[in-house]
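**Q** Protein chains in written order, with the working numbering: chain A, 455 to 785; chain B, 455 to 785; chain C, 455 to 785.
Among the clues, some could well be false.
For chains that are exact copies, the list does not tell them apart, and a pair is met inside one copy or across any two.
Here are the simulated lysine to any residue pairs, SDA-like style, with alpha carbons at most 25 Å apart [said to hold, decoys possible]:
| no. | residue 1 | residue 2 |
| --- | --- | --- |
| 1 | 756 | 485 |
| 2 | 633 | 500 |
| 3 | 756 | 456 |
| 4 | 633 | 614 |
| 5 | 480 | 490 |
| 6 | 756 | 543 |
| 7 | 480 | 516 |
| 8 | 480 | 559 |
| 9 | 480 | 782 |
No wet-lab data here; the hints were simulated from the structure.
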Amino acid sequence: MRHLTRLADIGPAGAASLIERARTIKRASPPPRFAGKILVLFFLAPSLRTRVSFQVAMLRAGGSAVVVEAGSGIWPLETRPLAVMNEDRVEHLEEAVGVLGRYGDALAVRAFATLESDPVDLEDPLVSACRDHSPVPVISMESAAEHPAQGLADLMTVIEAHGSPRGLPVMLRWAPHVKPLPKAVPHSFLLTAAALGCRVTVAAPEGFELPQAVLNQAREWARRGGGDVTTVHDPRALADRQAAFCVKSWGAAGFPATHPVAGRHADWMVDADWLALTPPDCILLHCLPLRRNVEIAQDVLKSPRCRIFDEAQNRIFVQQSALEWLWGLRP
Amino acid sequence: MRHLTRLADIGPAGAASLIERARTIKRASPPPRFAGKILVLFFLAPSLRTRVSFQVAMLRAGGSAVVVEAGSGIWPLETRPLAVMNEDRVEHLEEAVGVLGRYGDALAVRAFATLESDPVDLEDPLVSACRDHSPVPVISMESAAEHPAQGLADLMTVIEAHGSPRGLPVMLRWAPHVKPLPKAVPHSFLLTAAALGCRVTVAAPEGFELPQAVLNQAREWARRGGGDVTTVHDPRALADRQAAFCVKSWGAAGFPATHPVAGRHADWMVDADWLALTPPDCILLHCLPLRRNVEIAQDVLKSPRCRIFDEAQNRIFVQQSALEWLWGLRP
Amino acid sequence: MRHLTRLADIGPAGAASLIERARTIKRASPPPRFAGKILVLFFLAPSLRTRVSFQVAMLRAGGSAVVVEAGSGIWPLETRPLAVMNEDRVEHLEEAVGVLGRYGDALAVRAFATLESDPVDLEDPLVSACRDHSPVPVISMESAAEHPAQGLADLMTVIEAHGSPRGLPVMLRWAPHVKPLPKAVPHSFLLTAAALGCRVTVAAPEGFELPQAVLNQAREWARRGGGDVTTVHDPRALADRQAAFCVKSWGAAGFPATHPVAGRHADWMVDADWLALTPPDCILLHCLPLRRNVEIAQDVLKSPRCRIFDEAQNRIFVQQSALEWLWGLRP
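Isolated chain A, as found in the complex (with noise of 0.2 Å):
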């Protein structure tokens, strides 16, 4: 049975192939192939343009989509798996699993980082215990690790703008926020430009590097596929030589998560005077939601080159591919 919660379920050829089907799907809009197919959407963390686009990659695609959210209408969730559940937590994950696996066709499951230990998110335990107790195929709608839907979004709307990814120069472009983020979508990006052959740039503050097992991986793709990963400390460096920049704000390395960084960084905004330093065909993507002008100026998001409503439109098109893969229904 197949899943796709990290980009590893699918490796560099199946990040390919699964953005060169979506955009086969975004040109042509594809015949109805989920008739009768019942996608279960089940957050354990809230949710806007995830929600929405699995809804409607369903719909346009003739299936259905049913929304199941912990803690608002239904019973809030044990997670532990050794509990006495005997304190407020009525129902535990694994039944709930096994019972909406019963249900739906594939599983579609967001449960966010904790923030309180790298290492332990990135063994993802929620989303890795949906897994090992599904009876259908799981999804990742944003885990503890990844975001896989979201990577493949990006990098769907820079081929849209560049066409070949392989050696492609993208920078990852940490920016400032009011409170340490999760590093799923950071990943994200990261492992899927690596595994297209992108030349990556990861571009942070001292003390933000992201984990080391991510960026072994990723380098370990970048090389296969003709690109590699470079780090700086500096915004200004190489920011004249990228093709596209993923702006995004994570949390510091070294937890717990209280780790302060409100106002800290603040130079780090992207503004009008830092987009000015880029080339001028080079493409701006956040994933949403931004904090204006903490993260990027107000000005910065009226350029024709900010590309993120492609990029959430986008959504639709990978997840529908992805979809198709985890179904077995690829043409």
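Given the coordinates of chain A, assemble chains B and C onto it according to the supplied hints.
**A** Here is chains B and C on its own, set in the frame of chain A:
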């Protein structure tokens, strides 16, 4: 691109033809004209009838609806245009609308009046921002200024009972409540009745006059259509000559909304004695939800002259008719 | 107009034929018999399985479901028949049901027991009000008195394991919990098993007897169908001769529900030792959600004799079967 958030978007002629089409849809269930279409329902305020009736309007015509509720499962939204977003609101309304407009074929939006300033509420800042930033048509599910679908359903119900609305005497009848309520619904009843040429009486206690700008618009439309607009301060005045009453509470003129109304004008409650003043074929409308035994005495609701359920059901048909117009599907 | 909120609505013969039809539906996925139909799911209490399984029951047969949750996105509802509604509840249940009945082809309603009075709960005031005021059929998603869809799914699962239920020994087996729970589920297991002619044993500690009215109804149906109803106060009594156990906690006889039960009768937990007392083909049921290591020891859930996921899945088929009956679509 068409939008429908104010009656002025369609004007008096559009209101008449939209209701005519709604009656046709009601008589003979239409073919699924919305097949493949997705309406995103975007709630910045709660709902029962509106939410379900818009979903049903789509489903019964072969389409789909996706519900998004700000503050429930999604991020709290920033709405101030120039905000430095360093507090608790994690996404700007403009980005949310930009994204949702890439996912749906139209956006239905609900945002209530703030009740802090009549002039500001009449400018409809939130729904206006949605119109400005949406790449697809926007339809109102009640804004700070108007609730066009409610007004159209109200007048459709009047026409079902009495035929042509031209010159028909109808009353917008204030009722007591425990707190000040928005004026979108009374505005829309008044404007729609006036646009269709009714002779409209607005009955409300002194101090509860509707805004002059709305009265002026209504008077102009009424004059053009063969009707007029009269205001009275006595609940019994002119009651003996009406064809229909729309019962509704609203806040006092002069804001802020903290103005206390609880218990005031309790004698304006609609009861059996008052109903006996009206002609035997005079029907009673209320948009719901209603406070029994505060706005309307319970036994009045059992009268065959009470048409609140027809009125609620007609929401489906005027909304289908409005969506056909919005998408250019009108036959 | 048909309703299904108590097993008496279909009676013993109806229960048998409804399960027979559900088994047919399960074996050969039926054509979309609910095309064009909308079921409104109206929740006055939370849900996971019931909500998703009713949605899936509609979707898999070509229909649609619309979810309405009181207190989440909609107005809090008044339920007292004669209330002067001058407090925080802004809509009366009767109006809400009247409106929703104009939008859907049937209403599915959930309203839990108050646990304040067995006799009042057995009268089912909220669901009875829904039946009285709905213009379309009402189906229960669990009421204060019964949970018919659960009882039917339970017995369908028993029949899948053992064939004909006539004379089959089955046990309703009380389990400990941290708080008093409603009795709708045990009532429905008992009544449905009795209606199908099982020999039912109710095992519960002293003080946890089910209401006499329910026992009397069950005994009458059992007698007519070739079965009987026995009560025991020892968890080991008669365990060695059962074909199936339905494990469930419920509150003590004698209300109000504040009666403390936490930690009481902890030795009634179902564990491997206890399971070893039962015959090797004896299956275990639980309606879920369940408290691991309080009601049932974790390792018991891994036994192939534990059929909780089949039981949950069978909810889909009995609900499709019930909706066919409700709408007169039975072949």
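**Q** Next, verify each hint and record whether it holds.
**A** Going down the list of hints, with the structure as the test:
1. 756 <-> 485: neither (35 Å within a copy, 42 Å between copies)
2. 633 <-> 500: Intra 17 Å, inter 30 Å, cutoff 25 Å: intra-copy only.
3. 756 <-> 456: between (40 Å within a copy, 23 Å between copies)
4. 633 <-> 614: Answer is neither; intra-copy 33 Å and inter-copy 54 Å both fail.
5. 480 <-> 490: both (22 Å within a copy, 15 Å between copies)
6. 756 <-> 543: Classified as between: cross-chain Cα gap 21 Å, same-chain 46 Å, threshold 25 Å.
7. 480 <-> 516: both (15 Å within a copy, 23 Å between copies)
8. 480 <-> 559: both (24 Å within a copy, 15 Å between copies)
9. 480 <-> 782: Close inside one copy (19 Å) and across copies (24 Å); limit 25 Å.
In summary, the numbered hints that this structure violates are 1 and 4.
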